[in-house]
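Participant: Okay, here's what each chain looks like letter by letter:
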Amino acid sequence: MKTYLGSMLVVVMLLASACVMPVTPAPAPAQPTAAPAAPIKIGVIYNLTGAQASLDAPSANGAKLAAKEINAAGGVLGRQLELVLYDGKTDAATIGNAATQLVESDKVVAMMGFSDTDMTLAAAPIAAKAGIVFVTSGATSPKLPEQVPDYLFMACFGDNVQAAAGAEYAYNTLQAKTAYLLIDKGMEYTLLLGKYFKERFTELGGEIVLEDTYQTGDKDFSAQITKLKGLATIPDILFISSGPDDVGTIVKQFRDAGLDKPIVGGDGYDTPLLVQIAGKGADNTYFTTHSLMDPELGTEAVKKFIAAYQAEYNTPPENAFAGLGYDTVKLLADAIRRAGSDDPKAIREALSQTKDLPGVTGTITFQPGSRIPQKGVTVILVKDGKFTLAAEVVPQKVPAP
Amino acid sequence: MAAKEQAGQASRLASWGSALVLIALVIGGLVATELVASAYIQRVVIGLGISIILVVSLNLSNGFTGVFSLGHIGFMAIGAYTAAILTLPISLKQVNLPDLPSWLARVELPFLPATLIGGVVALLIAFLVGLSLMRLSGPYVSVATMGFLVIVQVILINWDRMTRGARTFSGVPPYTTLWWVWGWVALTVYVVSRLARSAYGRQMIAARDNEIAAQALGINVTRARLLAFCISAFFTAVAGSLWAHFITSFSPKAFYFAQTFSVITMLVVGGMGSVSGSIIGTAIITLLSEALRNAERGMNLGLIHIPPVYGASQILMAVIFVLVIIFWPKGLLGDRELNLGRLFIKRRREVS
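Chains A and B, in that order, give the protein sequences. In the numbering used here, each residue carries its 1-based index in the first sequence increased by 1079. In the numbering used here, each residue carries its 1-based index in the second sequence increased by 146.
These aren't lab readings, by the way, just hints derived from the structure by calculation. In this text, a Cβ means the ideal position worked out from N, Cα and C, and glycines have one as well. Check before you lean on any hint, since a few could be wrong.
Output of the computed footprint for chain A on chain B, the stretches with three or more beta carbons under 8 Å from beta carbons of chain A [to be verified]: (1) 183-192; (2) 323-337; (3) 369-378; (4) 454-461.
Short derived list, chain B residues pointing at chain A, Cβ under 7 Å [as the list claims (entries may be wrong)]: (5) Ile173; (6) Ser316; (7) Ile450.
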């Protein structure tokens, strides 16, 4: 008994010391060419494991690719760019810890990461408190910047922008005067997207004939379908605000029920799952996203990015989030270059004055006072099971966040 | 006889003495953490304290009464949302929660009363739910409590005007400090360990070990379980409030299966039915996963360079969990308590 308890105590103490010891992680592998000055450190947190991994892992790969390209071209201000990468594990407490480590032990000059509002809000206030900017690559809630004043920037468009683009495209190009609206109540993203679409579509003169909801992870949509088919005339378009995990199932069930009107959605549709699950049913689906990741149909920047990504990771970019991670590093590097120093204050100042910076996911400009970039929105049409470019849209009017 | 009494007295003295030493060590450690340690270490220690409250209070239900609850994180959610709604600054309430009932919209409470109210709300709900659920035992009660967790989740997502639904609840003031957390840890550990040794605690343990025999002895099994369930719900909700004011922005999905299983892992590793076991299990899991999280980022060991392997920490933790289950099926301490006093005087008693 005594030895048992004694050994227990020893184990606990060892663990405690083990926890304290590796707090300062070993330095990254030495740069192949000895850089004259210390590298400029950028803190990167992505959820490489857990529920967010399907969006965040490609983002992290994109970010690493961008840093590699920048360093191969001589770095920034003559110094190498070093990404200090942490896994957030899709856990708010872990993310808070990692952000604190980035500020405290790694002494980074800027931070970036995440494709989710909760996760961004777990890290960004810690960066802000230390006077460091946090750029989110893929969290699209336009309410984010006001929640962390001065220091939270977005590298992607806000949901209000893509919803407005979708509404204008549906009203003007698809000639839709009536719409059906289905919203996933389980996610901030789908709630906001649906709300902004409704605002812009009704403002244009369109009418939402029927509104319905479901819950993330639902598998059976027959109740919603029955309600929709009970209408005297089926609306011109079906706007379905859904996340990547459910979209395939929904589209398939709606098509199987004989509903062949165009389905319209947001960047949650930008996943291979849409065509894999819905099959032929995915045709005649329009959605807004950051860019068309296609080696033949994409823009020049996209083609170059896909080739580089393929060479580096032996797989084409999984989705547009890879491009967003890539663009975010380029955005920060550009700000550091224009700031002329790695002083966090100067970086923030330069970042807010970013103008016409070309990227894989569009050109980034921050209007004075706004930390959400003005970016074009790509509208994609699914045709014969393939994503094709329908339009590049800059919405004429955007609902307030 | 006299020698035995002496030994007994010495044992008690040693027990008290070692308890004092332990308390002094913990306080000393906390002061040192507050004064010298980095903000990162402070965060880990705060997170550890919150987990200890969660696990020790869960142990009261799962360990001592044998009601293996899978729904306690629901109480954590209730505590977190109740307290956060109460402490949210009024100006932010108008922006974030414009549809609050007017009597709530004009309230802005300090941390302590908000936390207490969160705990009491959870306690009342636990009482209502427990009235029927505590009649069940074994796997039935586990499934039923899990049902409770799902219900709480669905309510949080759909009660927009109170919780913002699935949208992030943000702007919660960061009130949680080292001292708040560890003060609540002390209170939780004190209440639970005193309760476990009281007549009620004995009833709970008897009801756990043999329900029929306990009933034959005249123990009201449902009442004993209900008491444990309500008290543990209270402290779980307190931990929820501390967590909410530590993380400051969250949404309902933070209080679901992932969190449930993380707490149950800590409980099972430490040993169900042992307060000290819960604390040790929590400390081991928390510190080990932090250490592994730092280690998985790769390191240089002299000539050998280990590349980063993200996710390795979770795999290793799972392997350790399996090993613990194989070699210590009842957890590291089982249902024994770590008694420091016994450590010191054991030899003498053996002699007598």
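Participant: Now, for every hint given, state plainly whether the structure supports it.
Facilitator: Going down the list of hints, with the structure as the test:
Coverage of the stretch 183-192 of chain B by chain A holds in this model, with 6 residues showing a Cβ closer than 8 Å to a Cβ of that chain against a need of three. Remark: the stretch 323-337 of chain B is not confirmed as covered by chain A, as 0 of its residues place a Cβ nearer than 8 Å to a Cβ of that chain, below the required three. Counting residues of the stretch 369-378 of chain B whose C-beta lies closer than 8 Å to any C-beta of chain A gives 0; at least three are required, and the coverage claim is violated. Look at the stretch 454-461 of chain B against chain A: 4 of its residues bring a Cβ nearer than 8 Å to a Cβ of that chain, three or more, so the hint holds.
At a threshold of 7 Å, the smallest CB-CB gap from Ile173 (chain B) to chain A is about 17 Å, leaving the interface hint violated. The restraint placing Ser316 (chain B) at the interface with chain A holds, with a minimum CB-CB distance near 5 Å, inside the 7 Å limit. With its C-beta approaching chain A no nearer than about 11 Å, Ile450 (chain B) sits outside the 7 Å limit, and its interface hint is violated.
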